[in-house]
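Please work from the sequences and hints to get the whole structure.
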Amino acid sequence: QKEVEQDPGPLSVPEGAIVSLNCTYSNSAFQYFMWYRQYSRKGPELLMYTYSSGNKEDGRFTAQVDKSSKYISLFIRDSQPSDSATYLCAMSLFSPKSGTYKYIFGTGTRLKVLA
Amino acid sequence: SQTIHQWPATLVQPVGSPLSLECTVEGTSNPNLYWYRQAAGRGLQLLFYSVGIGQISSEVPQNLSASRPQDRQFILSSKKLLLSDSGFYLCAWSVQSGKYEQYFGPGTRLTVT
Numbered sequence: 001q002k003e004v005e006q007d008p009g010p011l012s013v014p015e016g017a018i019v020s021l022n023c024t025y026s027n028s029a030f031q032y033f034m035w036y037r038q039y040s041r042k043g044p045e046l047l048m049y050t051y052s053s054g055n056k057e058d059g060r061f062t063a064q065v066d067k068s069s070k071y072i073s074l075f076i077r078d079s080q081p082s083d084s085a086t087y088l089c090a091m092s093l094f095s096p097k098s099g100t101y102k103y104i105f106g107t108g109t110r111l112k113v114l115a
Numbered sequence: 116s117q118t119i120h121q122w123p124a125t126l127v128q129p130v131g132s133p134l135s136l137e138c139t140v141e142g143t144s145n146p147n148l149y150w151y152r153q154a155a156g157r158g159l160q161l162l163f164y165s166v167g168i169g170q171i172s173s174e175v176p177q178n179l180s181a182s183r184p185q186d187r188q189f190i191l192s193s194k195k196l197l198l199s200d201s202g203f204y205l206c207a208w209s210v211q212s213g214k215y216e217q218y219f220g221p222g223t224r225l226t227v228t
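If you read the protein sequences in the order shown, they are chains X and A. In terms of this note's numbering, the first sequence has 93 at position 93, counting the first letter as 1, and numbering is strictly consecutive. Heads up, this note's numbering is the position in the second sequence plus 115, with the first residue counted as 1.
No lab work stands behind these hints: they were computed from the structure. Backbone N, C-alpha and C fix where the C-beta goes; we use that ideal spot for every residue, glycine too. Check before you lean on any hint, since a few could be wrong.
These stretches of chain X come out as covered by chain A in the derived footprint (C-beta under 8 Å, 3 or more residues) [as the list claims (entries may be wrong)]:
(1) 18-24
(2) 41-54
(3) 105-115
Chain X is faced by these chain A residues, among others (derived, beta-carbon under 7 Å) [stated by the list, open to error]:
(4) G158
(5) L162
(6) G167
(7) Q170
(8) I171
(9) V175
(10) K214
(11) E216
(12) G220
(13) G222
The calculated lysine-lysine pairs, modelled on DSSO-like cross-linking and capped at a C-alpha distance of 27 Å, are [stated by the list, open to error]:
(14) X:K102 x A:K214
(15) A:K214 x X:K56
(16) X:K102 x X:K2
In structure tokens, the structure reads:
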């Protein structure tokens, strides 16, 4: 079983729709939960992070974490064509071996917002 | 502000040839450095990370090696490329105490023919 599971999509939605992107994980030791956005042929960039169960909002984006179900979501309201990208969930936990945080990424979900 | 550079952007190499990809970070000191490979449907696979000059940790056994000759320079190498080495290679950095944020470079698309 992979530590992090993410539906690869692709997901196509009309402009203005609400988008829901999801990941499940198996390791209850994960401490931080992140969403990265990656445009085609570019490196990923951090969109949002959270470390507790509940919701965190930033503009049109809401990150949701449910630690009891080991499930995280990213909601995009009023989606725009410029939101078309691959969205990767990521999680981190402290590694005593390295003395730093270890990051695990999902496979990414390709999103296309149609004008 | 901090920036991260990777080169080359695109590379086509024959099987059996050597490889050297370079990554440099500006505007920060003593960062953690990472090399990832991204293949379709497989997400980001951590290959190597480094917490300091000369300190390299490998996450998966493979045909590749990494070196950190200077504080903000990270090099990914291979003596003989395999077809399976094709992919999108990403360098990233984080602060030493970083818990959730990594900063990625623009990537190198490697095709082994």
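Discussion item. Count the residues of the region 18-24 of chain X whose Cβ falls closer than 8 Å to any Cβ of chain A, and tell me whether that reaches three.
Written reply: Since 0 is below three, the answer is violated.
Worksheet item: Should the hint that G222 of chain A touches chain X count as held when the rule is a Cβ pair under 7 Å?
Response: Because about 5 Å separates G222 of chain A from the closest Cβ in chain X, which is inside the 7 Å limit, the hint holds.
Worksheet item: Taking 27 Å as the top limit, are the C-alpha atoms of K214 of chain A and K56 of chain X close enough?
Response: 17 Å, holds
Discussion item. Hint E216 of chain A vs chain X: min CB-CB distance below 7 Å?
Written reply: At 5 Å from the nearest chain X Cβ, E216 of chain A passes the 7 Å test, so the hint holds.
Discussion item. Can you verify the interface hint for G158 of chain A: is its Cβ closer than 7 Å to any Cβ in chain X?
Written reply: 4 Å, holds
Worksheet item: For the region 41-54 of chain X, do at least 3 residues have a Cβ located nearer than 8 Å to some Cβ of chain A?
Response: Coverage by chain A holds for the region 41-54 of chain X (8 residues, Cβ < 8 Å).
Worksheet item: With a cut-off of 7 Å, does the beta carbon of K214 of chain A approach a beta carbon of chain X closely enough for the hint to hold?
Response: 5 Å, holds
Worksheet item: For the hint on I171 of chain A, does the least C-beta distance to chain X fall short of 7 Å?
Response: 11 Å, violated
Worksheet entry | 8 Å C-beta criterion, at least three residues: is the region 105-115 of chain X covered by chain A | Check passed, 4 qualifying residues.
Worksheet item: Against chain X, is L162 of chain A within 7 Å by beta-carbon distance?
Response: Violated, because the Cβ-Cβ distance from L162 of chain A to chain X comes to roughly 13 Å (cut-off 7 Å).
Worksheet item: Between K102 of chain X and K214 of chain A, is the straight-line Cα distance small enough, at 27 Å or below?
Response: 8 Å, holds
Practice prompt. Double-check G220 of chain A for me: the hint is only fine if its C-beta lies closer than 7 Å to a C-beta in chain X.
Written response: 5 Å, holds
Checked against the numbered hints above, the structure violates hints 1, 5, 6, 7, 8, 9; every other hint is satisfied.
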